[in-house]
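Asker: Take a look at the letters that make up each chain.
There are 2 protein chains.
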Amino acid sequence: MASKYIDIDTLRFILYEVHDLQSVLDQPRYKDYDLEAVDLFLNAIKDFSDKELFPYFREMDATPAHFKEGEIIVHPQIREYMKKGGEMGLIGALFDYDIGGMQMPNIVVTASAYIQEAANNQLPGYIGLTLGAAELIVHFGDKFLIETFVPKMLTGDWGGTMCLTEPQAGSSLSDIITTAVPDGDTYKINGQKIFISAGDYQGVKNVVHLVLARIKGAPAGTKGISLFVVPKNRPDSAGNLVSNDVNTLGDFQKMGQRGYCTTHLSFGDKNNCRGWLVGEPHQGLKYMFLMMNSARVSVGRGAAAITMAAYRASLAYAKERPQGRSLTPSGKKDVAKEQTLIINHPDVKRMLLLQKVVTEGALSLILLSARYQDLSTAHPNGEVRDKYLNLLEIITPIAKTYPSEMGAVSVSNGLQILGGYGFCTDFVLQQYHRDIRIFSIYEGTTGIQSLDLLGRKVTMNNGKAVELLLAEIGDCVNEASGYEELAPYAQKLRTKLELVKDVLQFLLPFAKKGEFERFLSDATVFMEFLGNIIIGWLWLDMAIKAQDALRQQDPTYTKDFYDGKIHAMKFYFKYEIPKTKALADILMNSEVLTLRKDVGL
Amino acid sequence: MASKYIDIDTLRFILYEVHDLQSVLDQPRYKDYDLEAVDLFLNAIKDFSDKELFPYFREMDATPAHFKEGEIIVHPQIREYMKKGGEMGLIGALFDYDIGGMQMPNIVVTASAYIQEAANNQLPGYIGLTLGAAELIVHFGDKFLIETFVPKMLTGDWGGTMCLTEPQAGSSLSDIITTAVPDGDTYKINGQKIFISAGDYQGVKNVVHLVLARIKGAPAGTKGISLFVVPKNRPDSAGNLVSNDVNTLGDFQKMGQRGYCTTHLSFGDKNNCRGWLVGEPHQGLKYMFLMMNSARVSVGRGAAAITMAAYRASLAYAKERPQGRSLTPSGKKDVAKEQTLIINHPDVKRMLLLQKVVTEGALSLILLSARYQDLSTAHPNGEVRDKYLNLLEIITPIAKTYPSEMGAVSVSNGLQILGGYGFCTDFVLQQYHRDIRIFSIYEGTTGIQSLDLLGRKVTMNNGKAVELLLAEIGDCVNEASGYEELAPYAQKLRTKLELVKDVLQFLLPFAKKGEFERFLSDATVFMEFLGNIIIGWLWLDMAIKAQDALRQQDPTYTKDFYDGKIHAMKFYFKYEIPKTKALADILMNSEVLTLRKDVGL
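Top line first, the protein sequences correspond to chains W and R. Just so you know, the numbering used here puts 361 at position 361 of the first sequence, and the rest follows in order with no gaps. Just so you know, the numbering used here puts 67 at position 67 of the second sequence, and the rest follows in order with no gaps.
Everything labelled a hint here was simulated from the structure, so no lab data went into it. Some hints here could point you the wrong way.
Which copy? The list can't say, so a pair holds if one copy fits it or any two copies do.
Calculated pairs, DSSO-like style, for lysine-lysine (alpha carbon to alpha carbon, straight line, at most 27 Å) [said to hold, decoys possible]:
(1) K223 with K333
(2) K581 with K492
(3) K501 with K579
(4) K319 with K597
(5) K51 with K83
(6) K152 with K188
(7) K581 with K501
(8) K570 with K581
(9) K51 with K570
(10) K83 with K46
(11) K51 with K84
(12) K513 with K333
(13) K579 with K492
(14) K597 with K4
(15) K332 with K216
(16) K286 with K270
(17) K464 with K152
(18) K597 with K545
(19) K559 with K205
(20) K597 with K513
All chains, full assembly: derive it from the sequences and hints.
Answerer: Have a look at this one:
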């Protein structure tokens with residue numbers, strides 16, 4: 001029976017064939033893994049997701065996390081999930097063997113998290129944040145911090161969080177005012193943090209917060225921010241846990257992801273909250289941002305997974321639900337005929353194909369980013385690592401944004417396929433529609449990702465990253481041109497590469513002239529423009545791999561499977577790629593309309 | 001203080017100046033109304049909405065309608081609203097004086113309903129459906145039906161509904177199986193109806209259902225459907241109300257519009273449900289569809305109103321919330337400076353302007369449709385009426401779809417402006433986001449509206465409607481060309497008129513060849529294409545009126561107000577109109593990708 005929430009064949013095809021997992025496994029760090037081991041692992045994850053995640057998806061939404069008498073009540077499965085995930089090694093999967101990790105490639109961990117998120121997007125964050133917090137300690141903390149906190153986090157006994165946002169600061173981290181006052185070996189922490197995912201919940205033994213705060217007297221702005229480990233319960237001199245004056249003030253009630261708690265924390269209400277400095281003073285934001293690429297790709301991954309799950313649900317419905325009839329050549333319908341399945345209506349097929357190209361395009365993008373991450377750290381050659389680091393830097397904001405933005409469009413199309421039922425809580429589509437809406441806000445909104453893409457990544461290292469990226473796309477175009485069936489699409493994509501250059505030639509002079517607000521005013525439009533082209537490239541690449549398999553009569557998947565990939569690529573080039581024309585038009589329009597203050601709003 | 005949910009100045013400007021309300025009031029039917037009377041009426045509606053609708057908007061969402069022990073529990077304000085609305089004459093506003101109506105122009109009633117829907121979109125449907133059901137009885141029913149049912153409906157004592165959808169039929173009305181068996185003067189009704197808005201609820205004395213059913217032996221398909229009045233309680237021979245065997249089976253729980261009940265009804269479980277035939281047998285669908293234009297425009301109006309309310313909410317937030325700083329010419333931010341209001345960030349301004357052009361464009365479209373409706377019925381000259389009927393027919397599917405589809409995009413942008421708060425239930429944006437999602441499904445999905453537009457409306461009367469519509473746009477283009485500031489935009493729109501013709505020249509031959517599935521396969525894309533151009537036209541028209549006011553130093557509104565309209569028009573032409581290029585590309589692409597069955601889905 002087909003899985004209800006994931007197309008595992010497509011995941012494998014993209015992971016193994018399209019992104020050539022073997023080339024990642026070839027790196028010395030991953031020498032203990034081969035394709036068979038990965039396959040077994042992913043099977044185990046699928047099984048785990050079937051049993052421990054998917055069955056609780058609707059239930060967790062119906063019984064949201066909430067604040068009651070000082071604590072946050074959550075679904076009991078959260079503790080089960082953390083415990084079992086810890087036992088399976090999922091929290092430490094990426095870590096070195098010597099600190100209890102599995103030294104697994106990022107791309108495999110990404111595939112594993114994607115499966116889990118497709119099954120139930122409210123659970124994996126509890127592990128994801130614990131992992132992220134542990135990662136920060138391992139990378140930048142001293143031996144004491146690592147030994148004290150990390151082992152319990154990797155077993156899932158203790159949770160972890162990232163505490164950035166404050167009520168008055170939101171996206172503007174310069175304005176963080178949580179304070180840290182030196183006091184012996186530690187610091188006294190005072191302040192409030194909001195929107196802290198997995199910040200505290202019933203049953204968790206301890207939560208280790210990674211908190212951005214300002215040491216008294218630190219410079220203003222982002223250069224004065226330090227990073228601290230601030231556990232909910234701290235070890236006293238005898239090694240016993242005592243309360244650390246970290247107070248839970250509430251749980252934000254949300255439209256979606258309702259099983260995933262989002263807390264409001266207050267540190268040091270009784271002036272008895274201690275934090276341990278991580279690394280050097282005033283380097284906190286730098287440390288946080290070194291982890292930010294994976295955090296951002298993780299958000300994109302979650303959105304991509306929801307997009308997949310919604311696609312599966314609407315596809316299953318379209319294949320089961322009879323309604324209406326096809327048109328006869330007279331333009332009429334023959335009411336004496338049986339109703340047809342709705343998948344046979346061209347408009348429904350269009351919506352399903354849209355979901356398919358967004359779903360699988362987003363998945364390919366996420367795995368590509370993970371591949372870049374692996375090669376940028378694990379490749380033995382420094383130049384190669386540098387190349388992939390550049391590619392990772394430029395692809396990250398897109399990997400965060402495309403699945404979040406286009407995923408939401410895709411899910412909405414899925415809901416539409418169910419008609420009135422799609423809007424009803426008896427059907428799952430409305431939940432995906434609510435859940436996915438946060439992803440373009442998490443970890444830097446789309447607007448902020450777009451400023452990062454155009455303002456930082458495109459211009460960094462004299463444009464090296466964008467040059468490398470366009471070269472990668474160019475290679476694919478050249479390769480596809482050698483296939484008769486693919487050549488016309490390759491040609492289309494080639495013209496889009498020229499269009500990217502035209503757009504940049506139009507925009508970059510504003511930066512050179514110091515007109516930065518003008519340079520960046522349509523950054524979000526640029527994001528949509530470049531994201532669309534990237535997905536076109538990834539589809540062309542998938543079509544090449546499918547063509548190869550067809551030529552070689554590769555029996556791994558059916559002919560229909562491979563044909564479907566080529567068909568979807570054509571769909572993408574017919575229905576999605578043309579948008580780039582409109583977007584380039586906007587970007588190269590010299591009229592300035594969003595910088596004036598007095599626009600009658 | 002600015003209203004929280006509506007920009008009443010803009011409503012007045014579009015109603016009075018742009019759509020020239022006076023020219024509607026000039027019709028003999030409306031001789032008792034002048035601009036002053038309308039203004040007083042709209043003030044009263046605004047006041048009514050402030051007091052009776054808006055305060056209950058959040059509360060009704062938090063306490064959804066639900067089924068309990070055989071009845072549907074709803075918020076008590078619903079009965080209050082019906083009663084007070086009845087007292088104010090709102091239910092019968094459109095009706096002739098001689099049956100207790102106010103003979104008010106549709107365009108005024110539309111403005112009134114729009115204000116109410118912006119205040120609280122969960123309430124006006126209770127009146128709207130009662131009005132629609134009464135209208136069907138008045139137009140097609142006999143004296144007995146009118147006298148028995150309509151007066152109590154117009155006072156709001158009794159509710160009314162339209163019962164079309166059945167579990168197995170959904171959008172496919174050909175497949176309705178509810179039966180009607182002649183039995184004396186009436187018919188015995190048997191069957192089930194789902195998704196019946198306002199179908200039954202605690203406290204209502206009676207509900208008058210207008211039910212589509214098949215008289216035994218009727219032809220198959222839509223040609224065998226008749227229309228019946230089937231009250232929840234029927235008058236017995238003594239004139240007392242007795243139960244009519246209409247049973248409430250449940251209330252669909254929905255993602256949004258949660259205060260607005262959506263019922264599942266069963267007729268004749270004890271074989272004791274009586275219905276009165278309306279008009280002739282087998283003409284039911286025709287009658288229903290004669291009312292369908294206003295039903296569809298009403299749906300578009302509701303979506304447009306939610307779009308407005310969300311825009312007001314995010315605009316207010318953007319004007320109050322400080323966050324981040326503007327870029328200096330060095331490309332850096334000066335952290336010593338105070339934070340700026342988020343409205344000053346170009347990307348936030350872009351999102352607000354997008355909301356503005358969609359909100360006000362949708363409002364203009366809805367009022368235009370209502371104007372067409374008025375002139376197509378109330379104008380003394382038959383040829384003029386025919387012209388406006390053609391225009392009404394072609395604009396209706398667009399008036400239903402544009403506000404529903406682009407309104408949802410606009411609301412989502414509004415949510416984005418609030419960042420994380422937008423996703424939290426403490427803020428209203430998430431409710432608008434949930435509420436608006438049903439509008440592209442109500443009364444025929446976007447796919448069905450698009451088939452209607454391209455398959456019926458474009459081709460009807462040898463293309464007369466589309467010709468008239470393009471001529472109207474052409475007139476506006478010619479007029480705008482006479483204004484120096486507007487001429488470049490007029491020129492852009494002129495090229496889009498040519499593009500419409502090119503697209504139709506490409507598509508229509510498929511219909512002529514009998515390739516109807518191919519002709520209509522991208523109907524939804526055509527809908528988006530034509531809708532986009534229509535809104536461009538309406539913005540150009542608004543800009544003309546604003547320019548005139550500026551030239552004449554018209555003191556009705558501020559200079560900033562008029563400048564803002566012209567600015568928004570320019571924004572629309574920069575950011576929205578270019579999409580038509582991409583859409584035309586898709587429409588004129590000869591590759592066929594959604595008609596094949598075997599596409600690997």
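Asker: If the cutoff is 27 Å on CA atoms, where do K501 and K579 land: within, between, both or neither? Let me know, please.
Answerer: both (17 Å within a copy, 21 Å between copies)
Asker: Between the shortest in-copy and the shortest cross-copy C-alpha distance, which are at most 27 Å for K597 and K513: within, between, both, or neither?
Answerer: within (22 Å within a copy, 55 Å between copies)
Asker: Evaluate K581 and K492 at a C-alpha cut-off of 27 Å and name the case that applies: within, between, both or neither.
Answerer: both (12 Å within a copy, 16 Å between copies)
Asker: At 27 Å max between alpha carbons, let me know whether K223 reaches K333 within a copy, between copies, both or neither.
Answerer: between (69 Å within a copy, 12 Å between copies)
Asker: When no copy is specified for K513 and K333, does a C-alpha distance of 27 Å or less occur within a copy, between copies, both, or neither?
Answerer: Answer is between: at 17 Å across copies they meet the 27 Å cutoff, but 63 Å inside does not.
Asker: My question is about K559 and K205: at a cut-off of 27 Å on alpha-carbon distance, are they close within one copy, between copies, both, or neither?
Answerer: Answer is neither; intra-copy 52 Å and inter-copy 62 Å both fail.
Asker: How would you label the pair K579, K492 (within, between, both, or neither) given a Cα cut-off of 27 Å?
Answerer: Both ways: K579 and K492 sit 13 Å apart in one copy and 18 Å across, limit 27 Å.
Asker: If the cut is 27 Å between Cα atoms, do K597 and K4 qualify within a copy, between copies, both or neither?
Answerer: between (50 Å within a copy, 22 Å between copies)
Asker: How would you classify K83 and K46 at a CA-CA limit of 27 Å: within, between, both, or neither?
Answerer: within (17 Å within a copy, 57 Å between copies)
Asker: With 27 Å as the alpha-carbon cut-off, assign the pair K597 and K545 to within, between, both or neither.
Answerer: between (51 Å within a copy, 23 Å between copies)
Asker: If the cutoff is 27 Å on CA atoms, where do K51 and K83 land: within, between, both or neither? Let me know, please.
Answerer: within (14 Å within a copy, 53 Å between copies)
Asker: For K581 and K501, with the copy left unspecified, which applies at a CA distance of at most 27 Å: within, between, both, or neither?
Answerer: both (13 Å within a copy, 20 Å between copies)
Of the numbered hints listed earlier, those contradicted by the structure are 9, 16, 17, 19.
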